[in-house]
Amino acid sequence: MGIDPIEYRPWQGERAGLVRRLWTITWTVFRSKLRSKAVLILLVLGVLLVHAIPIMIDVMTPHDDVSSDLMFGEEEVYLEPGNSTVIIDGELFLEGEPLVTGDFALNGSVSYFGYITIRGTVVGAGTLTGNGESVVIDNLTVEGKVKVNGTIRVYGYLYGNGTLLGDGTVTGNGTIHEEHDLIRREERFGGYMTNGLFTLFTMILAAIVVSDAISSDLADSSFVLYFSRPLRTIDYLAGKFLGLLMVMSLFCLLPPIIYVIAMTGTMSGDDYGEAGRVLGATFASGLFTAVFFLPLGLLISSMTKRRAYAGVGTFMSLFVLSIVSGIFAIFDANWLAANPFVMLLHAYQRFFGITMAGGVTPELHTLVVASLIVVPIIIVYTRVHRLEVGK
Amino acid sequence: MKPNRSTDVADVAPTRRGSPPEKIVLSDIIVRFGTVTALDRFSASVHSGVTGLLGPNGAGKSTMIKTVLGLVHPDSGSIRVRGLDPHQERVRVRDMIGYMPEHDCLVSSMNPVSLVSYMARISGLPKKDSISRTHEMLDFVGIGEERYRDIGSYSTGMKQKVKLAQAIVHDPGIVFLDEPTNGLDPRGRDEMLALIRKLGETGKTILVSSHILHEIEQVSKHLILINRGRLVRQGSMEELIEGDRDHLLIKVRGDDDPINDLITLLRDRYSVISTRNEFGQMAIVLKGVDSTSSLFEITRSEAVQVRYIGPDRQTLEDLFIRTIEADPARIVADGPPSPGSRKVRKKMKRRPDHGH
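Chains as they are written, first to last, in this note's numbering: chain A, 1 to 391; chain B, 1001 to 1356.
Take these hints with a grain of salt, some might be off.
Stated by the list, open to error - Some chain B residues close to chain A (C-beta under 8 Å, calculated; not the full set):
{"no.": "1", "residue": "Leu1071"}
{"no.": "2", "residue": "His1103"}
{"no.": "3", "residue": "Asp1139"}
{"no.": "4", "residue": "Tyr1148"}
{"no.": "5", "residue": "Asp1150"}
{"no.": "6", "residue": "Ser1153"}
{"no.": "7", "residue": "Asp1190"}
{"no.": "8", "residue": "Ile1241"}
To be verified - Straight line, CA to CA, 20 Å or less: simulated SDA-like cross-link-like pairs of lysine to any residue:
{"no.": "9", "chain 1": "A", "residue 1": "Lys305", "chain 2": "B", "residue 2": "Gly1152"}
{"no.": "10", "chain 1": "B", "residue 1": "Lys1198", "chain 2": "A", "residue 2": "Pro10"}
{"no.": "11", "chain 1": "B", "residue 1": "Lys1159", "chain 2": "A", "residue 2": "Gly265"}
{"no.": "12", "chain 1": "B", "residue 1": "Lys1023", "chain 2": "B", "residue 2": "Lys1159"}
{"no.": "13", "chain 1": "A", "residue 1": "Lys37", "chain 2": "A", "residue 2": "Leu49"}
{"no.": "14", "chain 1": "B", "residue 1": "Lys1127", "chain 2": "A", "residue 2": "Thr26"}
{"no.": "15", "chain 1": "B", "residue 1": "Lys1127", "chain 2": "A", "residue 2": "Gly17"}
{"no.": "16", "chain 1": "B", "residue 1": "Lys1159", "chain 2": "A", "residue 2": "Lys37"}
{"no.": "17", "chain 1": "B", "residue 1": "Lys1127", "chain 2": "A", "residue 2": "Arg31"}
{"no.": "18", "chain 1": "B", "residue 1": "Lys1198", "chain 2": "B", "residue 2": "Gln1234"}
{"no.": "19", "chain 1": "A", "residue 1": "Lys305", "chain 2": "B", "residue 2": "Ser1108"}
{"no.": "20", "chain 1": "B", "residue 1": "Lys1128", "chain 2": "A", "residue 2": "Arg31"}
{"no.": "21", "chain 1": "B", "residue 1": "Lys1251", "chain 2": "B", "residue 2": "Arg1269"}
{"no.": "22", "chain 1": "B", "residue 1": "Lys1128", "chain 2": "A", "residue 2": "Ser222"}
{"no.": "23", "chain 1": "B", "residue 1": "Lys1127", "chain 2": "A", "residue 2": "Gln12"}
Claimed, not checked - Here are the in silico distance ranges between beta carbons for each label pair:
{"no.": "24", "chain 1": "B", "residue 1": "Lys1127", "chain 2": "A", "residue 2": "Tyr381", "range": "24 to 32 Å"}
{"no.": "25", "chain 1": "A", "residue 1": "Arg35", "chain 2": "B", "residue 2": "Thr1315", "range": "31 to 39 Å"}
{"no.": "26", "chain 1": "B", "residue 1": "Lys1127", "chain 2": "A", "residue 2": "Phe328", "range": "30 to 38 Å"}
{"no.": "27", "chain 1": "B", "residue 1": "Gly1152", "chain 2": "A", "residue 2": "Leu49", "range": "53 to 61 Å"}
Worth flagging that the hints you see were computed from the coordinates, not collected in a lab.
C-beta: ideal position from N, C-alpha, C; glycine also.
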């Protein structure tokens, strides 16, 4: 093994500063991630599905401008089980089988594709249009127009000054069934950054990328190599974090920026001010997305020596949080704050300057986002620092 | 300079030939891990050249090294590395130190070239220098073409060499080698000791921690003896061994009672340094003996056979065992040492025979 050893020779040169050393860690993390097959496959697949195809289609589609709707999607409103009286002033899109116990004041129009049951009274001057099978209403007062292609069953009174149109049957027996509540929720769909694939790929990528960030150093005990050198805990963590951020940015930040620039370059209008604003908001949103999942992932990575546990743990913790949030949000809308994806969406709203009803308050949003980023970082710092000082 | 501030360390002078000898001074260091006191008012100084840090397993050798590196915070006491406090000037102190840890610490998914050059760059070497320096150091430790293989596939001996290469790649003035021969076969051990000797010739301050006496004896010019977290003895190897040249060794054979009576008599007349049972003979080391004739008279009176009387040719092992046996901390903990105690001997490895 080996070669004939040579004599030791001292090194003559000047040492670099700390920033350069930190950059060495960042660059090494970045390069090692890009050598990982799992990361590469996910990046290529994600960029192709989430970014490349929409960019090609949208750029070729004639468009006048680059607006927030392009990135954030068209606004759509949902009713879900809740406990408030609903007043619809705009257009309401119904999906599923919403149940209403309170009053349902309809000034706009309601479209539904499912089965709607309203246990209160519907009073409205708007239009109730459905393509679903039936509408079940206790008391129906119509000032506007009710048009249903299915069956309308009214258990109470049916009276109105408007038009009742239908291809089905109108029946009624006045029976009161179990009561449910309703809440109003607004969401945006179809936007470049708000389609589910973008968030899903981001979450999976984050889970894979951070999985061995600290856990592998724990497994190899290579901490001691870092900390026997002139590095502080903060340098080690910052170097790692920036390296991971660069990888995440390849998916979360760079393609959206390219998208906005491409769309701006091919738009027929000349509202470059708005396009610039969208570019800025896209940059902020992309960077925020790239940052958002990393602290939680680093925290989990610092708690195990097994990278598989860290990766699955990160994914599952995000998944479980969103499931728990979905369940409890039925009773209290503030539980949406526990859903990282809703928090991400709210952040986009704030970057793009869009206000939407429902969801959590800006104060709660700020608190939760800060907690999801700052608290894990503090815990990771403390854990790594304890390793460094050996006590 | 304050600790933890963002420091540009370009001002930290790199190690050069002819720079003043590095010196480490520890004063009354106490390190506790919960209820365990790892270092107990430990004071020592390390000078240029190779210094052996010798002590049984669990004596506090690694803790001492980690404390100097700033990896472990002492509960009290002070440390100075070339006049700098490693906890106040952590970045500057670590810049001048290379550390070869005792346990596995290499990134198994990297090859030695990547790992050592990475460590070089973290230590401040420019990229271009780091590559050439890495190859130079891998040549120095004797890692050949296999340097492009992942470390995960390496034998323990090769890993130890890579650990040494990463510790010296940035040409530190001070090098800590924590159990550098751990897990090595006899050939690997000899190679490692030869490397340490070569490094020692460069004028660096090298602290070699080991619990194997034979190794320390081979490479060290200075010695620090540590037991139960306390400094037992320190000085140059020559001084420590030569310092006991006025000792006289007498080996006697006989029944237990006459031998015990003999020891009592000798204690009355001379200073009895140590007594130990060696294969049925009682070896007694004395100090202050003017003439051997009086010794013969005493032994004749006690009816014991004298097998040897002469200068005490002390080895490092003898020094260690006697010193440890005389350690008050041990006496408090274990009770007074019995003649020929083998407790200490069991803790120390006289001479390695197999890889771990």
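Requested in this report: Starting from the hint list further up, note which numbers the structure goes against and sort them upward.
Outcome: Hints 4, 5, 6, 7, 8, 11, 12, 16, 18, 22, 25, 26, 27 not satisfied by this model.
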